[in-house]
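> This is what each chain is made of:
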Amino acid sequence: AQTVTQSQPEMSVQEAETVTLSCTYDTSESDYYLFWYKQPPSRQMILVIRQEAYKQQNATENRFSVNFQKAAKSFSLKISDSQLGDAAMYFCAYYSGNTPLVFGKGTRLSVIA
Amino acid sequence: NAGVMQNPRHLVRRRGQEARLRCSPMKGHSHVYWYRQLPEEGLKFMVYLQKENIIDESGMPKERFSAEFPKEGPSILRIQQVVRGDSAAYFCASSPGPGSYNEQFFGPGTRLTVL
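In order, the protein sequence lines correspond to chains D and S.
Final position of the first sequence in the working numbering is 113; the numbers increase by one with none missing.
Final position of the second sequence in the working numbering is 115; the numbers increase by one with none missing.
I should point out that these hints are in silico values taken from the structure, not numbers from a laboratory.
Treat the hints with care, since some could be wrong.
[Claimed, not checked] Label-pair distances were calculated between CB atoms; the ranges are:
{"id": "1", "chain 1": "D", "residue 1": "Ser7", "chain 2": "S", "residue 2": "Gly73", "range": "40 to 46 angstroms"}
{"id": "2", "chain 1": "S", "residue 1": "Arg64", "chain 2": "D", "residue 2": "Glu52", "range": "33 to 39 angstroms"}
{"id": "3", "chain 1": "S", "residue 1": "Met5", "chain 2": "D", "residue 2": "Asn58", "range": "31 to 37 angstroms"}
{"id": "4", "chain 1": "S", "residue 1": "Gln81", "chain 2": "D", "residue 2": "Gln56", "range": "47 to 53 angstroms"}
[Unchecked claim] A few chain D residues that face chain S, going by a derived Cβ cut-off under 8 angstroms, partial list only:
{"id": "5", "residue": "Gln44"}
{"id": "6", "residue": "Met45"}
{"id": "7", "residue": "Leu47"}
{"id": "8", "residue": "Ile49"}
{"id": "9", "residue": "Lys70"}
{"id": "10", "residue": "Lys73"}
{"id": "11", "residue": "Phe103"}
{"id": "12", "residue": "Gly104"}
{"id": "13", "residue": "Gly106"}
[Claimed, not checked] Capping the alpha-carbon separation at 25 angstroms, the derived lysine to any residue pairs in SDA-like fashion look like this:
{"id": "14", "chain 1": "S", "residue 1": "Lys44", "chain 2": "D", "residue 2": "Tyr33"}
{"id": "15", "chain 1": "S", "residue 1": "Lys44", "chain 2": "D", "residue 2": "Ser22"}
{"id": "16", "chain 1": "S", "residue 1": "Lys27", "chain 2": "D", "residue 2": "Asp31"}
{"id": "17", "chain 1": "S", "residue 1": "Lys44", "chain 2": "S", "residue 2": "His31"}
{"id": "18", "chain 1": "D", "residue 1": "Lys105", "chain 2": "S", "residue 2": "Asp86"}
{"id": "19", "chain 1": "D", "residue 1": "Lys105", "chain 2": "S", "residue 2": "Asp56"}
{"id": "20", "chain 1": "D", "residue 1": "Lys73", "chain 2": "S", "residue 2": "Lys62"}
{"id": "21", "chain 1": "S", "residue 1": "Lys44", "chain 2": "D", "residue 2": "Asp81"}
{"id": "22", "chain 1": "S", "residue 1": "Lys62", "chain 2": "S", "residue 2": "Val12"}
{"id": "23", "chain 1": "D", "residue 1": "Lys105", "chain 2": "D", "residue 2": "Ser74"}
{"id": "24", "chain 1": "S", "residue 1": "Lys27", "chain 2": "D", "residue 2": "Ser42"}
{"id": "25", "chain 1": "S", "residue 1": "Lys44", "chain 2": "D", "residue 2": "Pro9"}
{"id": "26", "chain 1": "D", "residue 1": "Lys105", "chain 2": "S", "residue 2": "Lys27"}
{"id": "27", "chain 1": "S", "residue 1": "Lys51", "chain 2": "S", "residue 2": "Arg20"}
{"id": "28", "chain 1": "D", "residue 1": "Lys105", "chain 2": "S", "residue 2": "Glu18"}
{"id": "29", "chain 1": "D", "residue 1": "Lys70", "chain 2": "D", "residue 2": "Glu52"}
{"id": "30", "chain 1": "S", "residue 1": "Lys62", "chain 2": "S", "residue 2": "Lys27"}
{"id": "31", "chain 1": "D", "residue 1": "Lys55", "chain 2": "D", "residue 2": "Thr27"}
{"id": "32", "chain 1": "S", "residue 1": "Lys44", "chain 2": "D", "residue 2": "Tyr95"}
{"id": "33", "chain 1": "D", "residue 1": "Lys55", "chain 2": "S", "residue 2": "Pro96"}
{"id": "34", "chain 1": "S", "residue 1": "Lys44", "chain 2": "D", "residue 2": "Ser42"}
{"id": "35", "chain 1": "S", "residue 1": "Lys44", "chain 2": "D", "residue 2": "Ser80"}
{"id": "36", "chain 1": "S", "residue 1": "Lys44", "chain 2": "D", "residue 2": "Ile49"}
{"id": "37", "chain 1": "D", "residue 1": "Lys105", "chain 2": "S", "residue 2": "Ala89"}
{"id": "38", "chain 1": "D", "residue 1": "Lys78", "chain 2": "S", "residue 2": "Glu103"}
{"id": "39", "chain 1": "D", "residue 1": "Lys70", "chain 2": "S", "residue 2": "Lys27"}
{"id": "40", "chain 1": "D", "residue 1": "Lys105", "chain 2": "S", "residue 2": "Glu57"}
Even glycine gets a Cβ: it sits at the ideal position worked out from N, Cα and C.
Only chain D is shown next, with the shape it has when bound in the complex (with noise of 0.2 angstroms):
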């Protein structure tokens, strides 16, 4: 079965600097789809970014980019510029044809001004 590990339940980063979200998962599939959601106070998930596993090319979005490793099953997520509302729970998430989405625990992030 698939799964995905997030494996620091907790970080914390200073206003403005880089920090990096870690994510692993395992599949024997070739295709498929790696999500990272963000889940602040209110409880909304919020979809930060997307990769699709036959895309080389790391997908960016704004402050928010991934380092995609495919052979390795890795995918962590790097905030640059943290700002205060940066401060949630981040899900790593992944989804093939034959599964539903399968969520990892979740890293909570703390921005410290």
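Please arrange chain S on chain D, whose structure you already have, making use of the hints.
Chain S in isolation, oriented as in the chain D frame:
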């Protein structure tokens, strides 16, 4: 251009009562997904529905839980004879097409508390 709507946002039930959670997908979306989030956990898939059809219920407990998405009206997740372990946040997501080739848009969730 309303997003996915869920109601109620908070629901309190006593053990043995029934809980009904409602989800109205985004306009034009015919695919609905329900997830459960236990405290300090990620979301876990429960069921995937299209209009009038259950496509995948592999994550749904076999007893006491049921879901529907009628031709008209919202999708309903029903939990009969609730127990304390059912206390969680329940999220609904919708998409215009199958799976996450189309992005799933999440509602704000319903937090169920069982006393």
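> With reference to the structure, classify each hint as holding or not holding.
Hints, one by one, checked against the model:
For the pair Ser7(D) and Gly73(S), the supplied restraint of 40 to 46 angstroms holds, since their beta-carbon distance comes to about 43 angstroms. A hinted range of 33 to 39 angstroms for the beta carbons of Arg64(S) and Glu52(D) is consistent with their spacing of about 38 angstroms. A hinted range of 31 to 37 angstroms for the beta carbons of Met5(S) and Asn58(D) is consistent with their spacing of about 34 angstroms. The hinted range of 47 to 53 angstroms is satisfied by Gln81(S) and Gln56(D), whose Cβ atoms lie roughly 51 angstroms apart.
The beta carbon of Gln44(D) comes within 5 angstroms of a beta carbon in chain S, closer than 8 angstroms, and the hint placing it at the interface holds. Hint status for Met45(D): holds, given a least beta-carbon distance of 4 angstroms to chain S, under 8 angstroms. Below 8 angstroms, beta-carbon pairs count as interface contacts, and Leu47(D) has one with chain S at about 6 angstroms; its hint therefore holds. Hint on Ile49(D) is violated. Least Cβ distance to chain S is approximately 11 angstroms, over the 8 angstroms limit.
For Lys70(D), the interface hint is violated, the least distance from its beta-carbon to any beta-carbon of chain S being 18 angstroms, above 8 angstroms. Look at Lys73(D): its Cβ only gets to about 18 angstroms from chain S, farther than 8 angstroms, so that hint breaks. Proximity of Phe103(D) to chain S holds as hinted, the smallest CB-CB distance being about 4 angstroms (cut-off 8 angstroms). Among the interface hints, the one on Gly104(D) holds; its C-beta lies about 5 angstroms from the nearest C-beta in chain S, closer than the 8 angstroms criterion.
For Gly106(D), the shortest C-beta to C-beta distance to chain S is roughly 5 angstroms, which falls under 8 angstroms, so the interface hint holds. For the hint pairing Lys44(S) with Tyr33(D), the CA-to-CA distance comes to about 17 angstroms; that is within 25 angstroms, so the pair holds. Distance check on the hinted pair: Lys44(S) and Ser22(D) sit about 20 angstroms apart at the alpha-carbon level, within 25 angstroms; holds. Note on Lys27(S) and Asp31(D): the hinted pairing is violated, with a Cα-Cα distance of about 29 angstroms set against a maximum of 25 angstroms.
For the proposed pair Lys44(S) and His31(S), the alpha carbon gap of about 17 angstroms is at most 25 angstroms, so the pair holds. Of the supplied pair hints, the one linking Lys105(D) and Asp86(S) holds, its CA atoms being roughly 18 angstroms apart against a limit of 25 angstroms. About 22 angstroms separates the Cα atoms of Lys105(D) and Asp56(S), which keeps this hinted pair within 25 angstroms; it holds. Restraint check for Lys73(D) and Lys62(S): the C-alpha separation of about 33 angstroms exceeds 25 angstroms, so the hint is violated.
Distance restraint check for Lys44(S) and Asp81(D): the Cα-Cα separation of roughly 31 angstroms exceeds the 25 angstroms cut-off, and the hinted pair is therefore not satisfied. Proposed proximity of Lys62(S) and Val12(S) is supported: the alpha carbons are some 23 angstroms apart, at most 25 angstroms. Only pairs whose Cα atoms come within 25 angstroms are accepted, and Lys105(D) paired with Ser74(D) is accepted, the gap being roughly 15 angstroms. Taken as a hint, the Lys27(S) and Ser42(D) pair is honoured in the structure, with Cα atoms around 23 angstroms apart against an allowance of 25 angstroms.
Straight-line distance between C-alpha atoms of Lys44(S) and Pro9(D) comes to about 17 angstroms, which keeps the hinted pair within the 25 angstroms bound. A hinted pair counts as satisfied when its Cα atoms are at most 25 angstroms apart, and Lys105(D) with Lys27(S) does not qualify at roughly 30 angstroms. For the suggested pair Lys51(S) and Arg20(S), the alpha carbons sit about 18 angstroms apart, so the restraint of at most 25 angstroms is met. A distance of roughly 28 angstroms separates the Cα atoms of Lys105(D) and Glu18(S); the hinted pair therefore is violated under the 25 angstroms criterion.
Distance restraint check for Lys70(D) and Glu52(D): the Cα-Cα separation of roughly 10 angstroms lies within the 25 angstroms cut-off, and the hinted pair is therefore satisfied. With a C-alpha separation of about 31 angstroms, the suggested pair Lys62(S) and Lys27(S) falls outside the 25 angstroms cut-off, and the hint is violated. The suggested pairing of Lys55(D) with Thr27(D) holds, with an alpha-carbon distance near 17 angstroms, which does not exceed 25 angstroms. This hinted pair checks out: Lys44(S) and Tyr95(D) have alpha carbons roughly 13 angstroms apart, not beyond 25 angstroms.
About 23 angstroms separates the Cα atoms of Lys55(D) and Pro96(S), which keeps this hinted pair within 25 angstroms; it holds. Straight-line distance between C-alpha atoms of Lys44(S) and Ser42(D) comes to about 19 angstroms, which keeps the hinted pair within the 25 angstroms bound. For the proposed pair Lys44(S) and Ser80(D), the alpha carbon gap of about 29 angstroms is over 25 angstroms, so the pair is violated. About 20 angstroms separates the Cα atoms of Lys44(S) and Ile49(D), which keeps this hinted pair within 25 angstroms; it holds.
Taking the CA atoms of Lys105(D) and Ala89(S), the gap is about 14 angstroms. The hint holds against a cut of 25 angstroms. Pair hint Lys78(D) plus Glu103(S) holds up; C-alpha atoms about 21 angstroms apart against a cutoff of 25 angstroms. For the suggested pair Lys70(D) and Lys27(S), the alpha carbons sit about 35 angstroms apart, so the restraint of at most 25 angstroms is broken. The hinted pair formed by Lys105(D) and Glu57(S) meets the criterion: a straight-line CA distance of about 21 angstroms does not exceed 25 angstroms.
In the structure shown, a violation is registered for the earlier hints numbered 8, 9, 10, 16, 20, 21, 26, 28, 30, 35, 39, in ascending order.
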